[in-house]
Structure formats: structure tokens, C-alpha cells
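No gaps in the numbering here: position 24 of the sequence shown is 24 in the numbering used here, and each next residue is one more.
Don't read these hints as lab results, they were simulated from the structure.
Note that the structure is a prediction, hence the values are computed from the model and not measured.
Certain hints may be false.
Okay, derived cross-link-like pairs now, DSS-like style, lysine-lysine, Cα gap no bigger than 27 angstroms in a straight line [said to hold, decoys possible]:
hint, residue 1, residue 2
1, K302, K217
2, K245, K54
3, K94, K302
4, K401, K94
5, K454, K508
6, K401, K389
7, K174, K38
8, K216, K302
9, K441, K481
10, K306, K214
11, K214, K174
12, K300, K122
13, K461, K447
14, K81, K122
15, K54, K302
16, K447, K401
17, K54, K389
18, K401, K441
19, K81, K217
20, K38, K508
21, K81, K94
22, K461, K54
23, K306, K216
24, K481, K461
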Amino acid sequence: MKTKIKEILCKEQNSLTENITAGFFIALSLLVMIICVKYIIADDIWYDEVFSLKFAENSYAQIASLTASDVHPPFYYWYLKAFQTPGSFLFAGKVSPIVLAKAASAAPFVGLWIYAFLFVRKRMGVTVMGVFLFFVTAMPQMANYIVEIRMYSLALFFITAVFLHSYEIVLENKMCHWAALIIYGILTAYTQYYACVAVIAVYVALFCCFLFMKEKKRIMRLLACALVSVLAYLPWMPSFINQLKSVSESYWIPPLTFRSIFGCLKYIFLPTSYDTTRNYILAVIMIVLVTVTFFYGVWKEKSIQKRYLLICGFFIPAFTAFTGFVFSALNRPIFIYRYLIPGIGAMWLSAAYGLISFKRERLALLLLIPFLLAGHSGVKGFYAEENKKLEAMQETESFLKSVPEDAVILCNFNHVQAVTAYYLENENLLYGSEPEALIQKLLPNCKGFTDTDKLKEIVEKENVYFLGSFDVREELVEEWKQDGITYTGEQSCLLERYWFNVYHLSVK
């Protein structure tokens, strides 16, 4: 009798500890989301976000046509348009398209919360759920994608959902999870190409798992799902092939080296703040802890299902990186670190499960201390950087509002040209070069200015503002000075991540 009472009390104490731990990490995750709200309502954007916003202004058919000439599939832009349309109707004139677009990037994180409560809590416990939510919002890079107007947060949600449904298939083999695997997989493939690679990684992991389980029927069902997914992707294949040819001829991504492997680890684990030495130490500790707990978990777990949960989560980003490196080696560089983001949600879920699965729960909680410190450091750095941008944006907005409607904008950096052209309808010239064709299509006021000898003639006729980027701006204005072009009213502005000096040009 005493033994039973002791067992009941012990279980209640463990349950209370789990609930407190889960509540603590859920509260931290919620705090990060609340912090991000401040930056969702900010109106600053960068170059890639211009594409997102301008694509979403078109019809669904036009979006498909435009993205066919870009390097991404169309679903994210359809999603963005679908999200913005009711928002524009409800908040007409009160909320800018930029704010609505940033809210669209935050929405998939709400989806992650829902999936965590529905699936992670049920299968892995409340502690793993809480730690996972903390990881997926506070670990390095994650907060950035809550507010960035790109497809990565949506792809992150899709891949995490694919992973969780695949785990449910391994456990129960219900048709609803097979259907979700197909649907999410197809949507992912239409969202981002490296996210599609992550889906392939899940299919490979499932195939290997079913081989070990000797489940021939499930293997056949998996192959049928793969066939359906391929057939669903056939309409986009001609566009994909054309994009592939375009990328093969020319692309901006720098070459990959052996150091790029460590770069992937840095991108995932290194907090982005100014205390670099401390952050490097934390990153190394986290890598060691995640590695040790992963191998310990694989060794300790006897069931194939639990091993699948651990292995597949880490296999997804590893397979994505490996594929990117191989394709880059075969042709030209087509992989950058942020392409890992879609698969990182699954990795952090497996990491959370591995860390919490230690028999001694107190030890497991101690192991989370470096992750708490890294989360604090990363979010602190994110907060400081975004605040700096917000403060600078106030001055930049004042300048943008002060530019006369008849003024001509002259830029020497295509990113600054495109971003300022989004805010201003003025004629916008790119000094010494041509904007990329798609930008000229999306922003007709963006034009090239290659006949630089005619600059003096334009300055004589027009009211010209030069937005100079990089150190070369000083050389340019000095060179123009010798040709009789002077400047007044110099000031520095920060527009999201772009510093530029403003020069009001005139002729003596």
C-alpha cells in the first residue's frame, strides 16, 4: 500500500515538474512572438521582399507567369495574395501591404503552435512540446523569419507538418496522415525548391524505416504517394526546367568550399549578437549536446518508431545540405545557408525529444541551460538590430516623404534602386548598369542609365537626388564635381539593411 502511494506521489510530482517546465518554455516562446509583433508593424523591407510584395499585387494567373521567369515556384505568392486580400478589405487605408505581408509570415508559426498542441504534446509529452516551441522561435535565425516577407516560414511549417504526419504514419498508418503527407508535400514543392528536397528526405526516411519494419504494403503505399506527388508537379515542370537552365547560365550565389560545411552549423547554432566569443562557446556546446543526445537516443531507443523520430528530424536538413552541395559541385553554386530553414523545425523537434529523453530529468533540464542562454543572446541581438532599423527608418521615411514628385532618383546599387522604387513612384535610374529584367517588369519606374556621359545633361534638366551606396559613392561625386556637377544636403539613411548617402545634385 505504501509503495503504491509512493508511486502515485512520485508520478504526480513528475507530472507537476513537466507542466512547470513546459509552461516556462511556452511562455518564453510566446514572449518571442510578442516581441516580433513590434517589428511586424514596421514598414521597412529589403530587396527580396520587393519581389514578394509586387508579385502579390498581380492576379493568380499573372503570379504563375511572373514566377516562371524567376527562380521560385508560385504557391507562396498565391498564399501571400490570399492573406493580403481580406486584410486589405478589412483594414483599407489603415494597414499597409507590408504589415499584412509580415503578418502572413508570422501566421505559419501560429500553425506550428497548433501542431505542437495537437501532435507533439500527445506523442512526446508537454515538456518536449514546450522546448520545441522555444527552439523553433528563439534559436538562431528563427525570429528573423517570423517577420521576413519570404516563403521560408511557410515552408518551415509545411516540412514540420510533413515530418509529424510521417511519424504518425510510422505509428498508426491511418489514411488521414497519408493524405496529409501528399497534400503538404505537394504544397511544399510548389513553395520552395529546397523545401521540396526536404520532402524527398522524408520519403527516403520513410522508405528506409518500412524496409527495417518489413512493411511491404506501406512501401507500396509510399511509392503511390510519390507517384501522385510527381503527377501533381508535372504542370510546373516546364517552368522549373527553364528556371534551371537560367540558373545554370548565371546566378549570384558564391562558390561553396569545405568551410561551407561548418558554415551550415554556424548558421543553425550560432546566435547573432555582438558577444561573439560567448556565442561561439554556446554554439559549440549546443552542437556537442545535440550530437551526444542524438546518438544516445538512437542507442537507447529499442523501437524503430522512436529511432525514426530522432533520425528523420536530423536527416532532413542534412540531406538538404548534401543535395545542395552535390548540385553546386556538378554545375554552379545554387545553395545558401537559408535554404536549410524549411527543415530546421523538424531538426529542433528531434533535438528537443533527444534532450528531454534522458532518464534523469534533472540532467535533461540542465542540458537546456546553454540553449536558454543562446536563445536569450540571439533574441537580444535580433531585438537590438530591429530597433536600430526602426529608429533609422523614421528618418529615412522623412526623407522619402520630402522627395518632390518630379524628382529623379539616381542609384549606384540595384537593391537600393528597387527598394526605393517600391516606396517612390519617381523615375529611378541605376547608374552605369541595367536593373534585372524582372524588376523592370514589376517596377516600370526602374530604368538603367548606362550612358553616364549624359549625367550633366540630365542634372541640368531634372531635379536629381543621388542615393549613393558603398565607398565608391565618394569617388563618383568627386568625379562628377570635375565635370561641373555639385551636390548639397548630404545625409545618411538606413533603409532596412541598406545604408546610403543622399546627394542633391546640381550644375554650377
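Status of each hint after checking the structure:
Annotation: proposed proximity of K302 to K217 holds, straight-line Cα distance about 23 angstroms (limit 27 angstroms). For the given pair, K245 sits about 24 angstroms from K54 by alpha-carbon distance, which is consistent with the 27 angstroms threshold. Between the alpha carbons of K94 and K302 the distance comes to roughly 57 angstroms, so the proposed pair goes past 27 angstroms and is violated. With a C-alpha separation of about 18 angstroms, the suggested pairing of K401 with K94 holds against the 27 angstroms cut-off.
At roughly 16 angstroms between alpha-carbon atoms, K454 and K508 fall within 27 angstroms of each other, so this suggested pair holds. As the CA atoms of K401 and K389 are separated by approximately 18 angstroms, the hinted pair is consistent with the 27 angstroms bound. Taking the CA atoms of K174 and K38, the gap is about 41 angstroms. The hint is violated against a cut of 27 angstroms. Only pairs whose Cα atoms come within 27 angstroms are accepted, and K216 paired with K302 is accepted, the gap being roughly 21 angstroms.
Our distance criterion of 27 angstroms between C-alpha atoms is broken by K441 and K481, whose separation comes to about 34 angstroms. Using a Cα cut-off of 27 angstroms, the hinted pair K306 and K214 holds, with the two alpha carbons roughly 16 angstroms apart. Taking the CA atoms of K214 and K174, the gap is near 18 angstroms; set against the 27 angstroms cutoff, the hint holds. A distance of roughly 21 angstroms separates the Cα atoms of K300 and K122; the hinted pair therefore holds under the 27 angstroms criterion.
A hinted pair counts as satisfied when its Cα atoms are at most 27 angstroms apart, and K461 with K447 qualifies at roughly 17 angstroms. A hinted pair counts as satisfied when its Cα atoms are at most 27 angstroms apart, and K81 with K122 does not qualify at roughly 34 angstroms. A threshold of 27 angstroms between alpha carbons decides the hint, and for K54 with K302 the separation of about 52 angstroms lies outside it, so the pair is violated. Between K447 and K401 the alpha-carbon distance is near 21 angstroms, which keeps this suggested pair within the 27 angstroms criterion.
At roughly 22 angstroms between alpha-carbon atoms, K54 and K389 fall within 27 angstroms of each other, so this suggested pair holds. Proposed proximity of K401 and K441 is supported: the alpha carbons are some 25 angstroms apart, at most 27 angstroms. Restraint check: the Cα-Cα separation between K81 and K217 comes to about 41 angstroms, which exceeds 27 angstroms; the hinted pair is violated. Only pairs whose Cα atoms come within 27 angstroms are accepted, and K38 paired with K508 is rejected, the gap being roughly 46 angstroms.
For the hint pairing K81 with K94, the CA-to-CA distance comes to about 18 angstroms; that is within 27 angstroms, so the pair holds. For the given pair, K461 sits about 31 angstroms from K54 by alpha-carbon distance, which is inconsistent with the 27 angstroms threshold. Proposed proximity of K306 and K216 is supported: the alpha carbons are some 20 angstroms apart, at most 27 angstroms. Distance check on the hinted pair: K481 and K461 sit about 17 angstroms apart at the alpha-carbon level, within 27 angstroms; holds.
Hints 3, 7, 9, 14, 15, 19, 20, 22, counting from the list given before, are not met by this structure.
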